[in-house]
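Counting with this note's numbering, you get residues 203 to 398 for the letters of the sequence shown.
By construction, these hints were calculated from the structure, which means they are not laboratory data. Predicted model, so just to flag it, every value in this text is computed and none were measured. Glycine is no exception: its CB is placed at the ideal position from the N, C-alpha and C atoms. One should not assume that every hint holds.
Taking lysine to aspartate or glutamate pairs in the EDC-like style, the calculated list, with each CA pair at most 16 Å apart, reads [unchecked claim]:
#1 303 to 334
#2 307 to 279
#3 289 to 279
Quick list of simulated restraints, FRET-style, between CB atoms [said to hold, decoys possible]:
#4 312 to 227: 27 to 35 Å
#5 354 to 317: 37 to 45 Å
#6 290 to 238: 46 to 54 Å
#7 274 to 364: 38 to 46 Å
#8 284 to 263: 45 to 53 Å
#9 227 to 334: 29 to 37 Å
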Amino acid sequence: MDYWALALVLLTAGLGLAVLEVIFPSGGIFGFLCIASTVAAVVLGFKSGPGIGTLILLTALFGLPTVVVVALNWLPDTPFGRQLILKVPTSDDVLPVDDEKDSLKKLIGCVGQARCKMLPAGAVKIGGRTIDAVTEGMAVEQGQKVRVIQVRGNRVVVRPVDDDELPPAADAEDPLSRPIDSLGLEPFDADDNSST
């Protein structure tokens, strides 16, 4: 085997050992073998000729840091890296589960009525439930319609709503706005009568 071929094999092994040292910490064993393999590759490259020796030396000088940086960037995606490097917890991971907050968040977009004058805090009735709320800073008169726009912790933020912004009320005579049970229709009775 020629010196240049053996030098390339040792250089490739050295780069591979550098990756292994980053991903699987071995207490320096892989790092020592990486350096020994790379130095041996440079020596064999110069034994083969000055051109090949210089090429292997430059590859080792620029290749080793590049391989280590790439391995460090790749490390968090490996199973070992996920155990070694903890991810930053989100607020959902840290904050305790609170059913009241979840029920308040479901009110976003709902329209209610101010129970008292809100300057800017007061009580709002939404869906038969009275809730403490705060406006965005403007005063709201008693009985005025308000819409929930945001929930910050346990604080419900509302905004006054004009009558033209409210959705139209469902027509009581419109059969499509009524529940199907109230229409008195039995869809399966027609099939039973036609089969007999």
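Hint by hint, here is what the structure shows:
Using a Cα cut-off of 16 Å, the hinted pair residue 303 and residue 334 holds, with the two alpha carbons roughly 13 Å apart. For the given pair, residue 307 sits about 34 Å from residue 279 by alpha-carbon distance, which is inconsistent with the 16 Å threshold. Annotation: proposed proximity of residue 289 to residue 279 holds, straight-line Cα distance about 11 Å (limit 16 Å). The hinted range of 27 to 35 Å is not satisfied by residue 312 and residue 227, whose Cβ atoms lie roughly 55 Å apart.
Judged by the Cβ atoms, the range 37 to 45 Å given for residue 354 and residue 317 is violated: they are separated by roughly 21 Å. Against the hinted window of 46 to 54 Å, the Cβ-Cβ separation of residue 290 and residue 238 comes to about 38 Å, which falls outside the hint. A hinted range of 38 to 46 Å for the beta carbons of residue 274 and residue 364 is inconsistent with their spacing of about 58 Å. Under the hint 45 to 53 Å, the C-beta atoms of residue 284 and residue 263, about 32 Å apart, miss the expected range.
At roughly 55 Å, the beta-carbon separation of residue 227 and residue 334 lies outside the given 29 to 37 Å, and the hint is violated.
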